[in-house]
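**Q** Here is how the chains run, residue by residue.
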Amino acid sequence: MNAATSVFSHIDYLVAVALFLSGAWILLTSNNLVKKIIGLNVMETSVFAFIVTTGMIDDGAPPLLAAGVEGPFASPLPHALVLTGIVVAVSVTSLALVLVLRIKAELGSVELDEIESVGEHDDSAGPGGGSG
Amino acid sequence: MNAWRTGRILTTVLIGALAVPLMYGVLHLPPPGQADAPAHSNVSAKYIEHGAEHGGSENLVTGVLLNYRALDTFGEVLVIFTAWLAVAAVAGTARQTGHESTPPSPIVDYVIRMLAPFIAVFALFVIVNGHVLPGGGFQGGVLLGAMLILLSLAHGGEPVADVVSLRTWIWLRAAGVLVFALVALLGLPLTGYLFGLPTDPTLRHALMIVLELGIGIGGGAVLGGLYFSIAGVERS
Amino acid sequence: MTAELIDLRPALAVVISLACAGAVFAARENARWRAIWSLSAAGVKFALVWSMLPGALGGAVYSFRVGEVLPGVAFGFRVDALGLFFALVSSTLWVLTTVYALAYMRKSHSLSRFFGYFALCISTTVGIAFAENLFTLFVFYELLTVCTYPLIMHNEDLAARRAGRKYLVYTLSGGGLILAGMAMVYASSGTLSLAQAGILDASAGGATLLVIFVLLIAGFGVKAALMPLHAWLPAAMVAPTPVSALLHAVAVVKAGVFGIIRVIYDVFGADLLRQLGYTDWLAVLAGAVIIIASVKALRQRHIKARLAWSTISQLSYIVLAASLLAPLGTLAAIIHIANQAFSKITMFFVAGVIERGTGKTRVDELAGVGRQMPWTMAAFTLASLSFIGVPLTAGFVTKWYLSLGALQGGREVFVGVMVVSGLLNAAYWLPMVYQAFFRPMPADRKAPAGVSPMMVGPVLICAAYIILLGAGASAPAMPFSLAEAAARFAIELKASVE
Amino acid sequence: MTHWPHWLPLVAALPMVGGVLTPLLFRSRPSLAWAWAVSIASVTTLASSALLLTLVGSGPFSYAVGGWLPDYGIELQFDPVSALISPVCIIGLLSLIFSRRYVERSIDPKKVSFFYALVLVNLGGLNGFMMTGDLFNMFVFMEIFSVSAYALVATAREPIAALAAFKYLLMGALSSLLVLFSAGVVFAMTGTLNIADAASRMDVAGPMPAALALAALATGFAVKAALFPVHFWLPDAHAAAPAPVSAILSALVVKAGVVGMLRTLELFAGAEQLLQPLLTSLVWLGALGALGGALMALVQRDIKLMLAYSTVANIGYIFIGLGLATASAATGAMAHTLNHAVIKSALFLAAGAIIHRTGLRHIDDLRGLARRMPVTSFAMAFALVSLSGVPPMAGFVGKWQIAVGALQAGRPAVLAVMIIAGLIVLAFSVRVINALYFRPPSRISVASATEVPLSMLLPIAILTAGCLGLGMTGQPVLEFVAPVIKNLYGAVP
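Protein chains in written order, with my numbering: chain X, 178 to 309; chain Z, -19 to 216; chain S, -1 to 496; chain E, -17 to 475.
Because the hints were derived from the structure by calculation, they are not lab data.
Hints are all accurate, no fakes.
Not everything, but these chain X residues come out facing chain E in the computed CB check (under 10 Å):
#  : residue
1  : Tyr190
2  : Leu204
3  : Leu210
4  : Ile214
5  : Phe227
6  : Thr230
7  : Ser252
8  : Leu254
9  : Leu258
10 : Ala273
11 : Val277
12 : Ile280
13 : Leu284
Computed cross-link-like contacts, DSSO-like style, restricted to lysine-lysine with a CA-CA straight-line distance of at most 27 Å:
#  : chain 1 : residue 1 : chain 2 : residue 2
14 : X       : Lys212    : E       : Lys149
15 : E       : Lys149    : X       : Lys281
16 : X       : Lys212    : X       : Lys281
17 : X       : Lys281    : E       : Lys92
18 : S       : Lys294    : S       : Lys164
Part of the chain E face toward chain X, derived, beta carbon under 10 Å:
#  : residue
19 : Glu125
20 : Gly166
21 : Val167
Ideal Cβ placement from N, Cα and C applies to all residues, glycine included.
Start from the sequences and build out the full structure, keeping to the hints where you can.
**A** Have a look at this one:
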């Protein structure tokens, strides 16, 4: 199995990994907090895509044992995992969005560098500023 | 600004460097789609082989979710509720004053009001038929949530949030977890193990339906609740 | 010949004064209860330690094993001759120091904290003396640092804080070195017990043995004020006089020197060290410290500073004697623990009395003090003679046996060091005595006020001890015979000492 | 009743369901919500001690959830590593008791029941995470305690808390993704998610994908445990959170990352040549963490930031122990996981009490507090001294075993790093003790401070006593943990 065919046969995994890395790039380099959340979601989708493809079978039927359906069935486990993963992604993203709302309301901006610069001014008071 | 510029270049280089081992590692995995790959020969083969009579549903994914790996799904339902709990605990005290949602044009208002019942029926269909067709509690819940959000977009959050009292909303949101906990406890006398579904098909089928409904309604209510909190509608 | 007896007394000695310290802390502000508890702590400990003397003289070794705290590391007490000797010296002096401190500190602030930690110190010192293995010794060594720190900081002014910080930096880094050495000893020998005379052997490799030796000697050397690590001692003079007396005569420095003796004779063992030859370098260092510290003492203006530098040189007597690895040298090292303690504590008490009575703290302000306070200055003179090494005083006994040890070990140069240090001692003590007795009293000097007998009493008792230790060395029930037993065990003394 | 195996899933499920019920039943009655939370936590603690008795009595046991054996369903296992559940419950219970007075002032009354619900869910998630033997189930429980942890950090009123929680959320989500990704790779390689089963099938899959899965899993858990290079989210999060939450985070949630790393070592025990580079990097990252954390703690002025950086340092110690892979170092690391949890929770609760009373966070402002708040100051001083590893206290046990392990593994440089880091910890402890005891008060709120009520004092006192108790009973803890080492490193002596 020379390199070319192995790359071609693993194309689904490679795409998933590429998506993962691009999501990571967005998350790490973007200055806007909402963009970071978007980057996080891109990474999550890529991991879910990767897991589903591990359960795939060439020209296999979806794991529904309805009467009269034969042939190799796709593995049901990855589907269950991804279902759970999606729910996790929803909850984390919703919490992140609410935090961004609160940061916007209390620190005045969602741009990281603006927040940091604001942070420096009252840094002398330090975290909490002794307000208990 | 150049500190930020170098930061970006540095991250790009880091990500590029990370790509090589990742891609190389993934390449050595057994190619997807091969029938003899370990992914299909081990646990999955057993699921497919005994799925129908043990798992209790033609849709093997629902069988895995509700029967084989019930603890995962219990964890899941809990994560959904915790998401709402977290949002409620953290939602800032600052009231979202200012921009009132622009009143929708009558056409949009009328269409949504027409669509709502149909979405609800379809959601119930997806929930109930989860063990035959692709579907189940989570998918149904998302549909219900989408309906709630659609309605509150059209009519502004308050009317939708006030359709029932806040107490009831919270009980609805906890429906998923409480139903699952009850069924899990029920599993103890029936099968001698927590989270165990009984082997008798009809009782198991009934319990699975109850679970699906709990997850669906719970999920829908939570998604609605998330929107209400973010929109600052709910007076928690 | 040594019979291992399981006995509760060693543990009792340590625990009782812990309890009394608790009681002192509890006796918040009323002085009477505080005095009662402090004195009872010192008194009970004194009785317990002395009750073990007859048994020890008969060769018995009392041990009490608390339990194995970590695999291979136990927490236990074992009272052998050397340990009992050190405990004897410190518990005896403790009673005197407590009496002295009760009088000296009457008008000072936060006294319940002072006397609470004071009692804690003695329990940790006795804990060090009775430690069965290096781990227990290290536990009490660190706790001693923790207990003496509040005493040094007692005045809570800037100087006290700076001295306290310097003291902590030195002693805690010393503790760190000991921890490292202890870990290496355990890793290469599998045990930390001090019961066998030497647990390390040559199989551990020259490099590791050298590193262990340097770590342990430097770790204990900090508290033994070996020259490069001594800077905290003069700085700690800002503490009240009873604390200086406690620090420099009884507890802290003696713990350091005691640790060094344990390392040389019980961790390495005399014959292994003769093979390796590390102690020759240690002896040279100690000799140098004796001379340099004495020269520095000459140049000090304050009485307590001069006492501090003289302590540094006297401690190196013990280190020098221990590192000769000759039987008589070991005997000199052990007996000098007592001689130096009693002589130095007398001087500190005298310095305290002079300060309380006439408010003078500098060396050149002593003119005519002898006439005002004849008895106190007489004791001071006696202590000075002991340091110079005049026969019939305690100091002479040490110098005599140290010189014999040096000859026995074939190192004549150290006899020379003894002579030179004797001369230097004379050079910085005698002028003070001369000024006190033979110079006329300046006109403005008023009568010495408020020197209570509770302060002068301990001074005279200590001075009497100097004579007792010097003249009555060979008397049967004297601690000297105990030191002999300790030396014999430490180095398997062949020839018996007349 | 004590040998009833069903306690195992209940120890995880009970606090979760209790947490979910809290807002339902007690949304408008905060004190009742507190009573409910404390009773749920104590029942869970009793259940966990029953499990501990079974473990001590009849050795490790596993529980098939829903009756499905491992090749079908999820298998829960209770071995000495998951025995960490009982200290988790105890410290959780004590933090809950402490938080009654603290929360009245620092959280707005309408949200108090949500706060207690989140704490209970967090405890449930931690218990579940430590007992599961299934890789994906670990991910799910990890999500549960992580989401509740992000929210708990954000319950504090200060604006900084929202930003700290956001950074913690991003890093936590990243680490969960890595764990999920490696679960996918392991499934693709071995077809199963059960750790023991996957470990036996690991060599069939070839070295490269196994290396990928190991790297992803180890990085994921390193981020969750705040190991050195990926620790920067911890100080802000732990300092900004309310005090009982900081105690739970620093003592328990961070230790979940350590347990995760132990499970990773179990999963890849077969592949030595893969483990070796990971172990050496763990040692060096741990050493850098220990030194870096201690130094950063030394320069902090805010007392909670100082304690947070010292958590990073102690996590460094634990990973040094795990990385050295000698028997004494690994047992020392696990013992230190327990001891540090007790010490750090005592410290954070004491700091919380001080902030609750005086409203001051800077060490220099806390001068002369000992006279006004004697018990809290003594607890703070005692716990700081045991943090620095002075012998009779709990901190010494782990550090001594790891130091000896370092020497046995022939790495004296690691010993030197540990001694230096220990001295730095002593330095900043002395700085705090100096301020508390030996300086006159410089602030009115300090001069007028009074001791905190009993409900806050009791947990601090119990945990401080634990600092000494665990120091004395080092031996039984080490023997209790020893059997796990065999299946961690396999061939290593």
